[in-house]
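Peer 1: Could you put together the complete structure from these sequences and hints?
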Amino acid sequence: MDARNETRETARRREGFTLIEIMAVVVIMGMLMATLAVGINAQINNARIKNTKAQILRIEQALEFYQLDNARFPTTEQSLSALVTQPTSPPEPRAYNPAGYIKAEALKDPWGQDFQYRVPGDHNPYGVDIWSLGPDGVESEDDIANWSETSDT
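Note that the sequence shown ends on residue 153 in my numbering; no numbers are left out.
These aren't lab readings, by the way, just hints derived from the structure by calculation.
Worth double-checking, as some hints may not be accurate.
Here are the in silico distance ranges between beta carbons for each label pair [as the list claims (entries may be wrong)]:
hint, residue 1, residue 2, range
1, Ala-54, Val-26, 27 to 33 Å
2, Arg-94, Glu-141, 15 to 21 Å
3, Ala-34, Ala-54, 29 to 35 Å
4, Asn-51, Ala-99, 20 to 26 Å
5, Pro-90, Val-138, 30 to 36 Å
6, Asp-143, Tyr-96, 28 to 34 Å
7, Ala-34, Ser-89, 48 to 54 Å
8, Ala-54, Ile-28, 23 to 29 Å
9, Ala-54, Tyr-96, 55 to 61 Å
10, Val-26, Glu-105, 40 to 46 Å
11, Asn-46, Trp-147, 19 to 25 Å
12, Asn-46, Ser-81, 25 to 31 Å
13, Thr-85, Val-25, 55 to 61 Å
14, Leu-32, Gln-67, 50 to 56 Å
Taking lysine-lysine and the DSS-like style, the derived pairs with C-alpha atoms no more than 25 Å apart in a straight line are [to be verified]:
hint, residue 1, residue 2
15, Lys-50, Lys-108
16, Lys-103, Lys-53
17, Lys-53, Lys-108
A virtual CB, placed ideally from N, CA and C, is assigned to each residue, including glycine.
Peer 2: Next comes the structure, spelled out in structure tokens:
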């Protein structure tokens, strides 16, 4: 009988996993999840950057329509909000589209910040500078703009 009890006891121990085995699996799963999270975060950031570039192009198009109607761009002081609501500060537009030129939501970047605007542009002296402050929300090397850094002198 003692031999039978020993075999039953040995069989019971073999049925489950040891604490070390469970901990090893948990650690491996944690490492896989961390790697996956980093990859997903990088993809989300890349998507936001591409979205920002597309938004800048839409803003440029809206500015071109504004210029066609009014023979000039909105001033820096009037800002990009002149594309949504008619400016009341001089110089007032001569033929403002009552529907506006773009939706207000398009004037915010994917990080929730307003796009920056300057006319005449420092980088585009015959046009406008439009840029996003990027992920960090301050002027730095991560800004996304309608000019190429290689064209600066």
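Peer 1: Taking the hints in turn, state whether each one holds.
Peer 2: Here is what the structure says about each hint:
A hinted range of 27 to 33 Å for the beta carbons of Ala-54 and Val-26 is inconsistent with their spacing of about 42 Å. For Arg-94 and Glu-141, the Cβ-Cβ distance of about 40 Å falls outside the hinted range of 15 to 21 Å, so the restraint is violated. At roughly 31 Å, the beta carbons of Ala-34 and Ala-54 sit within the given window of 29 to 35 Å. Distance hint for Asn-51 and Ala-99: a CB-CB separation of about 24 Å, consistent with the stated range 20 to 26 Å.
At about 32 Å, the beta-carbon gap between Pro-90 and Val-138 stays in the expected band of 30 to 36 Å. One distance hint, 28 to 34 Å for the beta-carbon pair Asp-143 and Tyr-96, holds here, with the actual separation near 30 Å. Take Ala-34 and Ser-89: their Cβ atoms lie about 52 Å apart, and the range 48 to 54 Å holds. The hinted window of 23 to 29 Å between Ala-54 and Ile-28 is violated, with their beta carbons roughly 40 Å apart.
The hinted window of 55 to 61 Å between Ala-54 and Tyr-96 is violated, with their beta carbons roughly 25 Å apart. Distance hint for Val-26 and Glu-105: a CB-CB separation of about 43 Å, consistent with the stated range 40 to 46 Å. Against the hinted window of 19 to 25 Å, the Cβ-Cβ separation of Asn-46 and Trp-147 comes to about 21 Å, which satisfies the hint. Taking 25 to 31 Å as the suggested C-beta distance range, the pair Asn-46 and Ser-81 conforms, at roughly 29 Å.
Under the hint 55 to 61 Å, the C-beta atoms of Thr-85 and Val-25, about 59 Å apart, fit the expected range. Distance hint check for Leu-32 and Gln-67: the Cβ-Cβ separation is about 53 Å, which falls inside the suggested range of 50 to 56 Å. Between Lys-50 and Lys-108 the CA atoms are separated by roughly 14 Å; this keeps the pair inside 25 Å, and the hint holds. About 17 Å separates the Cα atoms of Lys-103 and Lys-53, which keeps this hinted pair within 25 Å; it holds.
For the hint pairing Lys-53 with Lys-108, the CA-to-CA distance comes to about 12 Å; that is within 25 Å, so the pair holds.
Hint check: violations occur at hints 1, 2, 8 and 9; the rest are consistent with the structure.
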